[in-house]
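J.: The lines below spell out each chain.
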Amino acid sequence: MKKGLIPLGIFVVLLIFLAIGLTRDPHEIPSPLIGKPAPEFTAPVLGKPGETLSKKDMLGQVWLLNTWASWCVACRQEHPLLVEFVKTNPLVIVGLDYKDKEADGLRWLARYGNPYTHTIVDSDARIGIDFGVYGVPESFLIDKAGIIRYKQIGPFTEEALRDKLVPLIKELQS
Amino acid sequence: MIPELGHFALILAMLVAAVFGTLSLAGGQQGKAEWIALARPGAQVLWLLVGFSFVCLAYSFYSNDFSVLYVVQHSNSQLPDIYRIAAVWGGHEGSLLLWLLMLCTWMMAVSLFSSQLPDAMVSRVLGVLALIAVGFLMFMLFTSSPFERLVEIPVDGRDLNPLLQDPGLVFHPPMLYMGYVGMSIPFAFSIAALLNGRLDAAWARWTRPWATAAWICLTIGIAMGSWWAYYELGWGGWWFWDPVENASFLPWLVGTALMHSLAVTEKRGLFRSWTIMLSLIAFSLSLLGTFLVRSGVLTSVHAFATDPKRGVFILLFLAVVVGSSLILFAARQGKVRSGGSFALVSRETFLLVNNVLLTTAAAAVLLGTLYPLIIDALNLGKLSVGPPYFNAVFAPIMTPVLFFMVVGSYARWKNDTVADLTKKLRPIAIVSVLLGCTAPLLAGEWSALVAMGLTLAIWIVLASAVQIYRQLKDTVNWKSTPVSYWGMHAAHIGIAICVVGITMVKGYETEKDVRMTFGDTVEVGGYTFRLTGIEEVPGPNYKADRGSVELIKGDRVLRVLHPEKRTYFSSTMPMTEAAIDTRFTRDVYVSLGEKLEGEGKPAWAMRVYHKPFIAWIWVGCLFMAFGGALAALDKRYRKKAAAKVSATDMKGATA
Numbered sequence: 001m002k003k004g005l006i007p008l009g010i011f012v013v014l015l016i017f018l019a020i021g022l023t024r025d026p027h028e029i030p031s032p033l034i035g036k037p038a039p040e041f042t043a044p045v046l047g048k049p050g051e052t053l054s055k056k057d058m059l060g061q062v063w064l065l066n067t068w069a070s071w072c073v074a075c076r077q078e079h080p081l082l083v084e085f086v087k088t089n090p091l092v093i094v095g096l097d098y099k100d101k102e103a104d105g106l107r108w109l110a111r112y113g114n115p116y117t118h119t120i121v122d123s124d125a126r127i128g129i130d131f132g133v134y135g136v137p138e139s140f141l142i143d144k145a146g147i148i149r150y151k152q153i154g155p156f157t158e159e160a161l162r163d164k165l166v167p168l169i170k171e172l173q174s
Numbered sequence: 001m002i003p004e005l006g007h008f009a010l011i012l013a014m015l016v017a018a019v020f021g022t023l024s025l026a027g028g029q030q031g032k033a034e035w036i037a038l039a040r041p042g043a044q045v046l047w048l049l050v051g052f053s054f055v056c057l058a059y060s061f062y063s064n065d066f067s068v069l070y071v072v073q074h075s076n077s078q079l080p081d082i083y084r085i086a087a088v089w090g091g092h093e094g095s096l097l098l099w100l101l102m103l104c105t106w107m108m109a110v111s112l113f114s115s116q117l118p119d120a121m122v123s124r125v126l127g128v129l130a131l132i133a134v135g136f137l138m139f140m141l142f143t144s145s146p147f148e149r150l151v152e153i154p155v156d157g158r159d160l161n162p163l164l165q166d167p168g169l170v171f172h173p174p175m176l177y178m179g180y181v182g183m184s185i186p187f188a189f190s191i192a193a194l195l196n197g198r199l200d201a202a203w204a205r206w207t208r209p210w211a212t213a214a215w216i217c218l219t220i221g222i223a224m225g226s227w228w229a230y231y232e233l234g235w236g237g238w239w240f241w242d243p244v245e246n247a248s249f250l251p252w253l254v255g256t257a258l259m260h261s262l263a264v265t266e267k268r269g270l271f272r273s274w275t276i277m278l279s280l281i282a283f284s285l286s287l288l289g290t291f292l293v294r295s296g297v298l299t300s301v302h303a304f305a306t307d308p309k310r311g312v313f314i315l316l317f318l319a320v321v322v323g324s325s326l327i328l329f330a331a332r333q334g335k336v337r338s339g340g341s342f343a344l345v346s347r348e349t350f351l352l353v354n355n356v357l358l359t360t361a362a363a364a365v366l367l368g369t370l371y372p373l374i375i376d377a378l379n380l381g382k383l384s385v386g387p388p389y390f391n392a393v394f395a396p397i398m399t400p401v402l403f404f405m406v407v408g409s410y411a412r413w414k415n416d417t418v419a420d421l422t423k424k425l426r427p428i429a430i431v432s433v434l435l436g437c438t439a440p441l442l443a444g445e446w447s448a449l450v451a452m453g454l455t456l457a458i459w460i461v462l463a464s465a466v467q468i469y470r471q472l473k474d475t476v477n478w479k480s481t482p483v484s485y486w487g488m489h490a491a492h493i494g495i496a497i498c499v500v501g502i503t504m505v506k507g508y509e510t511e512k513d514v515r516m517t518f519g520d521t522v523e524v525g526g527y528t529f530r531l532t533g534i535e536e537v538p539g540p541n542y543k544a545d546r547g548s549v550e551l552i553k554g555d556r557v558l559r560v561l562h563p564e565k566r567t568y569f570s571s572t573m574p575m576t577e578a579a580i581d582t583r584f585t586r587d588v589y590v591s592l593g594e595k596l597e598g599e600g601k602p603a604w605a606m607r608v609y610h611k612p613f614i615a616w617i618w619v620g621c622l623f624m625a626f627g628g629a630l631a632a633l634d635k636r637y638r639k640k641a642a643a644k645v646s647a648t649d650m651k652g653a654t655a
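Residue numbers (the working numbering), protein chains in the order written: chain X, 1 to 174; chain E, 1 to 655.
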C-alpha cells in the first residue's frame with residue numbers, strides 16, 4: 001500500500017505546480033538591478049568580425065538591451081513585435097545573442113528580421129550572468145547615464161510595449 | 001438548424017454516456033447481466049450521436065455557415081473544400097470534438113471486436129471509457145461548444161491559419177489524436193482489471209493488440225507532424241522539442257515501454273505493477289498533453305487561443321481521472337503480485353532495463369517541458385528550455401536502449417548466460433563496429449557521433465537479419481512462426497532506419513542562406529542551384545511568388561524546383577512553400593525568403609539545404625508502424641478466451 005502511494009504523491013505535486021501555473025501572470029517580477037548602473041561589458045558584434053561594443057559606447061542615449069537566442073521559442077513570438085516597434089519608434093535596441101552560435105544567430109535574424117541597432121554575441125553567457133538573465137527573452141531599458149530603469153521578463157507583449165516602455169522612454173529622453 | 005441539431009446530439013451523447021457508463025461499470029462489478037448487456041449497444045449509440053454532431057459541424061463548414069462563430073473563426077468562403085473540412089479540427093473546439101469522436105470510435109471498435117472477451121470485462125472497460133467521454137462532453141458543452149451562433153452574421157470568415165492549409169493538416173491531427181486517445185484503451189483495461197482484481201496473462205493478452213494499435217497511430221501521427229513541419233515551416237527542421245511535440249512524444253515513449261512490458265506480463269506473468277503503471281501513465285500523459293496544449297500555460301509555436309477557464313476545467317478533469325486511478329492502484333497494490341522469477345541474465349532483465357530507460361527518457365523530456373512552468377510557479381521567472389537541453393539528455397539515454405534492444409531479443413526467457421549471449425552476439429558486434437566506424441569515412445568527415453549512430457543501426461539490422469535467417473533455416477516449419485515475430489523485426493529495423501536518418505542529417509547536413517538575383521548560382525552538398533526566374537502565380541485564396549531553381553549536378557540539370565512564397569488574402573503573414581527533391585540517400589530543399597531591397601536587379605533571400613538520408617527518419621517510422629500492425633494482427637489475439645493458449649504453445653514467439 002505504502003509503495004503504491006508514491007505515484008499518487010508525485011502526481012499531486014505535479015497538479016499543484018500546474019494549478020499555480022494557471023494562475024500565474026508571467027510578467028512583472030522586479031529585478032534587484034533596477035535603479036542600479038548596468039553591468040560593464042565589452043562584446044564582439046554579431047556578423048562584424050573584429051568589432052566590439054561596450055557599455056561606454058552606449059552612454060548618452062536611452063537604449064534597450066534585448067536578450068534572445070535562435071533556440072528560444074518565446075523569442076520567436078516576441079521578435080515580430082520588436083521588428084514592428086522600431087519602425088514607428090526611434091529606439092536603439094541592442095540585441096544580446098545569448099548562449100548561441102554566431103551562424104545560428106545570423107541566420108535567425110536573416111529569417112525573422114533585424115530590429116537591432118547592434119547585436120552583440122554572448123556565447124559563453126558572461127554578460128547574461130552579469131545582468132542576472134535566467135531565461136530568454138529578457139530586456140533591460142537603460143537610461144542616458146547607464147542606469148537600468150526597467151526590466152521585462154519573458155517576451156514583450158503589445159500592451160507592455162505600449163503601456164510601459166513607450167511612456168518610460170519618453171520620460172527618460174526628455 | 002443544423003448546428004442546433006449537432007449541439008443537441010452532444011447533449012444527448014452526454015446523457016447516454018453518463019447513464020450507460022455508470023450502469024455498465026456497476027453491472028460489470030456486480031455481475032448484473034441486464035446492465036452488462038447495455039455496454040456494447042451504449043457505446044454504439046454514443047458513437048452515432050457524436051459522429052452525427054461531427055457531421056453537423058463539418059456541414060456547417062462545408063456550407064459556409066458564417067452564423068456559427070467557430071466557422072467564422074476558422075474558415076472562409078474562398079477556402080478550398082478539402083481544407084474547409086479539415087478546418088473542423090483547425091481550432092480548439094473542433095479539436096475537442098475530434099478528440100471525442102476518436103474516443104467513441106475506439107469504444108465502437110472495442111464493442112465490435114471483443115467477442116473473445118468475457119462480457120463483464122468488456123462492460124467495465126466500456127464503462128470507464130464512457131465516463132471519460134462524459135468528462136470531455138461536459139468540457140465541450142460548458143466551456144467550448146463549437147456550435148455557438150452569432151447574432152450579427154459576418155459576410156465572410158476569418159479564414160484558416162495559412163500554416164494549416166496543407167494536406168498534412170488533413171491527416172496529421174486525426175492520426176495523432178487516434179493514437180493519443182487510443183492510450184485510453186489500455187488505461188481502461190487496467191482500471192477494469194484493478195477493479196476486478198484479476199491481473200493475469202489473459203488480461204495482458206487482451207490489452208496488447210489495443211495498446212499496439214494506439215501506438216501505431218501515435219507513431220504515424222508523430223511522423224506525419226514531423227514531416228509536415230519539415231516541408232511546411234521552411235526551416236528545414238524536422239523536430240523542435242516544442243512543448244506540443246513533446247506532448248505527443250511522451251505517450252509514445254511510455255507506450256513503447258508499455259507494449260514491451262505487456263509482452264512480459266503475457267508470456268511470463270511478470271512486471272504486472274509495471275504494466276499497470278505504464279498504462280496509467282501513458283493515458284495520463286495524453287491528458288496532460290491536452291492540458292498543456294489547450295490551457296496555454298506554456299509558450300509554444302503551436303500558438304492557440306488560450307482561456308484560463310478551460311485550463312481549470314481540464315486540470316480538474318486530469319485530477320479526477322488520474323487521481324482516482326492512482327488511488328485505485330495504491331489500494332490494489334497488494335494484489336498486484338508478480339509470480340515467477342528470473343535470473344539476472346535473461347530476456348526479462350533486458351526488457352526491464354529498457355523500460356526503465358524509456359521511462360527515464362520520458363521523465364527527462366517531461367521535466368524539460370514543464371521546467372519553465374515550474375520555475376514560474378516558484379517565482380523564479382520565465383524562461384525557455386530549448387533543444388540544447390533535450391539533445392544533451394535524450395541521446396545518452398536512448399543509446400543504451402538501442403544496445404539492449406538487441407541483447408534482449410537474443411536472450412532467453414527466464415535464464416541465460418553471459419557466455420552464451422557473448423558467443424552469439426560477438427560476431428555481430430565486431431562487424432557492426434567495423435562497418436559503423438568506416439562508413440563515416442565514405443560519407444565525409446569522420447565523427448565519433450556519426451560512427452556511434454551508424455554502429456548502433458547496423459548492430460540492430462544485423463542482429464535482426466541473423467535471427468530471421470536462423471528462423472527460416474533452422475525451424476522445421478518456418479511458416480508456423482507467429483506473425484508478431486516478423487512484426488518485432490520489422491519494427492526494430494524501422495528504429496535502425498530512423499537512427500541512420502537522424503545520424504546522417506545531424507552529422508552531414510549543409511545549408512546556405514544567400515542573396516540571389518536571376519542567373520546566380522549557389523553550391524550546396526555537391527549540387528549547384530541556379531535561380532532562373534520568379535513569377536507571380538495566383539492560388540485559390542492566395543497569390544504566390546514562384547521561383548524556378550535549376551538543380552544541377554556536374555553540368556546536367558536534374559530538375560527545376562519551384563519554391564513559393566505565398567501571401568494569403570486573409571493574413572498578413574507570408575508563408576513559405578519549400579521545394580524538395582527527395583532521393584534515396586538525400587533531400588535537397590530550397591525555400592524562398594524575402595524579396596530584398598537593393599540597387600537595380602531584384603534580389604531574393606534563398607535558403608538551400610542538403611539533407612543526407614533525411615527521408616529515412618520517416619520511412620523508419622513507417623516500418624515501425626508496419627511492424628506494430630503485424631504484431632497487433634497476430635491471430636492468437638482473436639482466439640476465444642475458452643480456447644486455452646498456454647505460453648509454451650507459442651514456441652518461437654517473442655516480444
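Keep in mind that the hints were calculated from the coordinates and are not lab data.
Note that the structure is a prediction, hence the values are computed from the model and not measured.
Please note that a few of the clues may not be correct.
Unchecked claim - Lysine to aspartate or glutamate pairs mimicking EDC-like chemistry, simulated, CA-CA at most 20 Å apart:
{"hint": "1", "chain 1": "X", "residue 1": "Lys101", "chain 2": "E", "residue 2": "Glu577"}
{"hint": "2", "chain 1": "X", "residue 1": "Lys87", "chain 2": "E", "residue 2": "Glu594"}
{"hint": "3", "chain 1": "E", "residue 1": "Lys512", "chain 2": "X", "residue 2": "Asp124"}
{"hint": "4", "chain 1": "X", "residue 1": "Lys99", "chain 2": "E", "residue 2": "Glu577"}
{"hint": "5", "chain 1": "E", "residue 1": "Lys506", "chain 2": "X", "residue 2": "Glu84"}
{"hint": "6", "chain 1": "E", "residue 1": "Lys512", "chain 2": "X", "residue 2": "Asp163"}
{"hint": "7", "chain 1": "E", "residue 1": "Lys595", "chain 2": "X", "residue 2": "Glu84"}
{"hint": "8", "chain 1": "E", "residue 1": "Lys543", "chain 2": "E", "residue 2": "Glu577"}
{"hint": "9", "chain 1": "X", "residue 1": "Lys87", "chain 2": "E", "residue 2": "Glu509"}
{"hint": "10", "chain 1": "X", "residue 1": "Lys101", "chain 2": "E", "residue 2": "Asp513"}
{"hint": "11", "chain 1": "E", "residue 1": "Lys506", "chain 2": "E", "residue 2": "Asp520"}
{"hint": "12", "chain 1": "X", "residue 1": "Lys101", "chain 2": "E", "residue 2": "Glu597"}
{"hint": "13", "chain 1": "X", "residue 1": "Lys48", "chain 2": "E", "residue 2": "Asp242"}
{"hint": "14", "chain 1": "E", "residue 1": "Lys506", "chain 2": "X", "residue 2": "Glu102"}
Unchecked claim - A few chain X positions that, by computed beta-carbon distances, are all more than 10 Å from chain E:
{"hint": "15", "residue": "Glu40"}
{"hint": "16", "residue": "Ala74"}
{"hint": "17", "residue": "Glu102"}
{"hint": "18", "residue": "Lys144"}
{"hint": "19", "residue": "Glu159"}
{"hint": "20", "residue": "Asp163"}
Don't be surprised by glycine CBs; every beta carbon is placed ideally from N, CA and C.
J.: Compare the structure with each hint and give your call.
T.: Results of checking the hints against the structure:
Among the hinted pairs, Lys101 (chain X) with Glu577 (chain E) is inconsistent with the structure: their alpha-carbon atoms are about 27 Å apart, more than 20 Å. At roughly 17 Å between alpha-carbon atoms, Lys87 (chain X) and Glu594 (chain E) fall within 20 Å of each other, so this suggested pair holds. With a C-alpha separation of about 25 Å, the suggested pair Lys512 (chain E) and Asp124 (chain X) falls outside the 20 Å cut-off, and the hint is violated. At most 20 Å may separate the alpha-carbon atoms for a hinted pair to count; Lys99 (chain X) and Glu577 (chain E) exceed this at roughly 30 Å.
Of the pairs offered as hints, the one joining Lys506 (chain E) and Glu84 (chain X) is violated, with about 34 Å between alpha carbons and a cut-off of 20 Å exceeded. At roughly 40 Å between alpha-carbon atoms, Lys512 (chain E) and Asp163 (chain X) are farther apart than 20 Å, so this suggested pair is violated. At most 20 Å may separate the alpha-carbon atoms for a hinted pair to count; Lys595 (chain E) and Glu84 (chain X) meet this at roughly 18 Å. Taking the CA atoms of Lys543 (chain E) and Glu577 (chain E), the gap is near 12 Å; set against the 20 Å cutoff, the hint holds.
Our distance criterion of 20 Å between C-alpha atoms is broken by Lys87 (chain X) and Glu509 (chain E), whose separation comes to about 36 Å. Restraint check: the Cα-Cα separation between Lys101 (chain X) and Asp513 (chain E) comes to about 15 Å, which is no more than 20 Å; the hinted pair holds. Between Lys506 (chain E) and Asp520 (chain E) the CA atoms are separated by roughly 28 Å; this puts the pair beyond 20 Å, and the hint is violated. For the given pair, Lys101 (chain X) sits about 27 Å from Glu597 (chain E) by alpha-carbon distance, which is inconsistent with the 20 Å threshold.
Between Lys48 (chain X) and Asp242 (chain E) the alpha-carbon distance is near 32 Å, which puts this suggested pair outside the 20 Å criterion. This hinted pair checks out: Lys506 (chain E) and Glu102 (chain X) have alpha carbons roughly 18 Å apart, not beyond 20 Å. Separation of Glu40 (chain X) from chain E is adequate, the least Cβ-Cβ distance of about 23 Å exceeding the 10 Å criterion. Distance to chain E contradicts Ala74 (chain X) as a non-interface residue, since its nearest Cβ pair spans about 5 Å, not more than 10 Å.
Consistency note on Glu102 (chain X): stated as away from chain E, and its beta-carbon is indeed over 10 Å from all of that chain's, at 13 Å minimum. At roughly 28 Å, the least C-beta separation between Lys144 (chain X) and chain E is larger than 10 Å, which holds for a residue marked as non-interface. Under the 10 Å C-beta cut-off, the non-interface status given to Glu159 (chain X) relative to chain E holds; the minimum distance is some 15 Å. The Cβ of Asp163 (chain X) sits about 19 Å from the closest Cβ of chain E, beyond the 10 Å cut-off, so the non-interface label holds.
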